[in-house]
Amino acid sequence: MRGFLLRRTAQSLVTLWLASVLVFAGARALPGDPAIALSGEGNDPAVNAQIRAKYGLDDPVPVQYARWSALVLQGDFGRSTRSGLLVAQIVVARLPITLELALLAMLFATAIGIPAGVLSAVRRGGRLDAVANLFSLSGLSIPHFWLGLVLILVVATTYRLLPASGFVPLAEDPVENLRRMILPSFVLGTGLAAVLMRQTRSAMLESLSSDYVRTARAKGLSELQVVAGHALRNSLITVVTVVGLETGALISGSVITESIFLVPGFGRLIVEAVGTRDYPIIQAVALASAAGYVALNLAVDITYSVLNPKIRVAGGTQ
Amino acid sequence: MISSSERPARPLSRFARRFARRWLALAGAATTIVVVLVAVFAPLIAPYEPGAIDFSSILRAPGTTGHILGTDDLGRDVLSRVIWGARASMQAGVFSTLLAVAIAVPIGLVAGYYRGWLDSAIGRATDTLLAFPYLIVAVGLAVILGASLTNATIAIGLVQIPKLVRVTRGEVLSLREEAFVAGAVADGASDRFILFRHILPNVTNTLIVQATILIPYAIIAESSLSFLGLGVQPPTPSWGVMLTAAQPYLDRSPWLALVPGLAVSLTTLSFNVFGDGLRDAIDPRGAR
Numbered sequence: 001m002r003g004f005l006l007r008r009t010a011q012s013l014v015t016l017w018l019a020s021v022l023v024f025a026g027a028r029a030l031p032g033d034p035a036i037a038l039s040g041e042g043n044d045p046a047v048n049a050q051i052r053a054k055y056g057l058d059d060p061v062p063v064q065y066a067r068w069s070a071l072v073l074q075g076d077f078g079r080s081t082r083s084g085l086l087v088a089q090i091v092v093a094r095l096p097i098t099l100e101l102a103l104l105a106m107l108f109a110t111a112i113g114i115p116a117g118v119l120s121a122v123r124r125g126g127r128l129d130a131v132a133n134l135f136s137l138s139g140l141s142i143p144h145f146w147l148g149l150v151l152i153l154v155v156a157t158t159y160r161l162l163p164a165s166g167f168v169p170l171a172e173d174p175v176e177n178l179r180r181m182i183l184p185s186f187v188l189g190t191g192l193a194a195v196l197m198r199q200t201r202s203a204m205l206e207s208l209s210s211d212y213v214r215t216a217r218a219k220g221l222s223e224l225q226v227v228a229g230h231a232l233r234n235s236l237i238t239v240v241t242v243v244g245l246e247t248g249a250l251i252s253g254s255v256i257t258e259s260i261f262l263v264p265g266f267g268r269l270i271v272e273a274v275g276t277r278d279y280p281i282i283q284a285v286a287l288a289s290a291a292g293y294v295a296l297n298l299a300v301d302i303t304y305s306v307l308n309p310k311i312r313v314a315g316g317t318q
Numbered sequence: 001m002i003s004s005s006e007r008p009a010r011p012l013s014r015f016a017r018r019f020a021r022r023w024l025a026l027a028g029a030a031t032t033i034v035v036v037l038v039a040v041f042a043p044l045i046a047p048y049e050p051g052a053i054d055f056s057s058i059l060r061a062p063g064t065t066g067h068i069l070g071t072d073d074l075g076r077d078v079l080s081r082v083i084w085g086a087r088a089s090m091q092a093g094v095f096s097t098l099l100a101v102a103i104a105v106p107i108g109l110v111a112g113y114y115r116g117w118l119d120s121a122i123g124r125a126t127d128t129l130l131a132f133p134y135l136i137v138a139v140g141l142a143v144i145l146g147a148s149l150t151n152a153t154i155a156i157g158l159v160q161i162p163k164l165v166r167v168t169r170g171e172v173l174s175l176r177e178e179a180f181v182a183g184a185v186a187d188g189a190s191d192r193f194i195l196f197r198h199i200l201p202n203v204t205n206t207l208i209v210q211a212t213i214l215i216p217y218a219i220i221a222e223s224s225l226s227f228l229g230l231g232v233q234p235p236t237p238s239w240g241v242m243l244t245a246a247q248p249y250l251d252r253s254p255w256l257a258l259v260p261g262l263a264v265s266l267t268t269l270s271f272n273v274f275g276d277g278l279r280d281a282i283d284p285r286g287a288r
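If you're matching them up, the sequences are chains A and B in order.
One point on numbering: in the working numbering, the residue at position 210 of the first sequence is 210, and numbering is uninterrupted.
One point on numbering: in the working numbering, the residue at position 98 of the second sequence is 98, and numbering is uninterrupted.
This is chain A alone, in the form it adopts within the complex (with noise of 0.2 Å):
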């Protein structure tokens, strides 16, 4: 257990060493020199020479990327070019909103998908099961922006249900928040829902079919019993897996989704520092969005690896 517990702490922290690497690189690419940007208009070549220095833009590259890892290992990522504002700080107060939305789109999807899932497994071949793989399929081919648009021009134009788009904070008015909250999560939560059906209804009918779930019917216990106690059980270890492994999916549904309800996210931030090229911001969002999942990731396979040791020796879900 420990060495599995060693190993996989080191895939993922070489992972973010890569991601990291990626991430430097990545803003390299960005057309646009950080120099003739900070020089404004001018643009004269000595001031440029004179903010290369100062930057240390002219030193090799590994030296830039040493320097910079060291500061963002300390959670300093440079301030927004902008705003002027501490990176750090614009995504520490951004991620909290994109938190709870994800958090609410997986309350939708969970509530949706299992119950859906289990019923289509043990329905198998029925209309509820061809109903539930329709809505399935649809939940993976409507894309978000469509869905946003059609519920804000139903529920929120047409019928006045609720608020079309705009943000209450949690801590300023919870009932307002959550009103906000509603079609933004149901939304960000439809794609998930559809996967997470679709990979409770295989699990299900996996354990349905086995040696324990045949012995417990044997036994004389009820349907119920049989499939919420042994089946459902067993079959939650998967699913919890692919609940881990979709959450990089949910934040680039926060990306699209909140652009469209306007709330002040992290998907949000994401798509206005690339509109104004904001780089340290890009930097810090793609890194932080890297970090989550591999810690995520890890947790997860953690967790799998408790509950079943045979992936100990295998050496990971993946």
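Simulated from the structure, these hints should not be mistaken for laboratory data.
One should not assume that every hint holds.
Stated by the list, open to error - One-sided and incomplete, this derived list gives chain B residues near chain A with beta-carbon spacing under 7 Å: (1) Tyr48; (2) Tyr134; (3) Ser265.
Using N, Cα and C, we set each Cβ at its ideal position, and we do this for glycine too.
Given the structure of chain A, go ahead and fit chain B onto it with the hints provided.
Showing chain B alone in chain A's frame:
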């Protein structure tokens, strides 16, 4: 009369019969073909030039004579623009997937076949790339390359590589343990021969199914990038561009958003349904 049980059916016709039994998959395949044809023959089908501005008929509702799906804020025919938009979507969907396959499959083959340090290195690299949310990478690449349909297509293709490498590698890992590979090794066949003549043909089914998953994914990604202003540039019609342009008119002229959105959803849905049917028909054991 010879009954089918007396004569062993060819794999292809058996596959076709299994596929034809699923009406939903058939409907998906039919719609997919229609969309592809529309994209290819857009100049012949579209009733108007997609960019033809007509200020005398702005924001006409669907059903107006001459404009079945209405007109937009510049008086352009929505139907013609949706038809032309299919081109952008298909181009992004098909070419990005081809790009991903062309790069990812050789890498996956090598990683799965040779294993060892090369496999570990490739594994770490794919892990790293997968750690970034795909849309963030696509957005970054689109910014680096510059906003255009071609560059969005390249960006989407590159983003899909790590996943495809993993799928190919996994498939090769199990194939190389098969008896026919051991036989070929015993025969003294070269690695290249084994990889391309024995393993690659057996990976093809999986790759075709993967393509039907990746293409709709890429179509959504293209319209997302265009929606964010990083893909197709207006006035060139694309479903994502049309949706962005429709946002200010959502309450007055909702069809401007409904039509291109329906087009994206229907296209991706038919690809997904088609792909599901393919998967079940190719591997009936997986059909559950």
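These are the hints, each one checked on the structure:
1. Tyr48: violated (24 Å)
2. Tyr134: holds (5 Å)
3. Ser265: It holds, given that the least Cβ distance between B:Ser265 and chain A is near 5 Å, below 7 Å.
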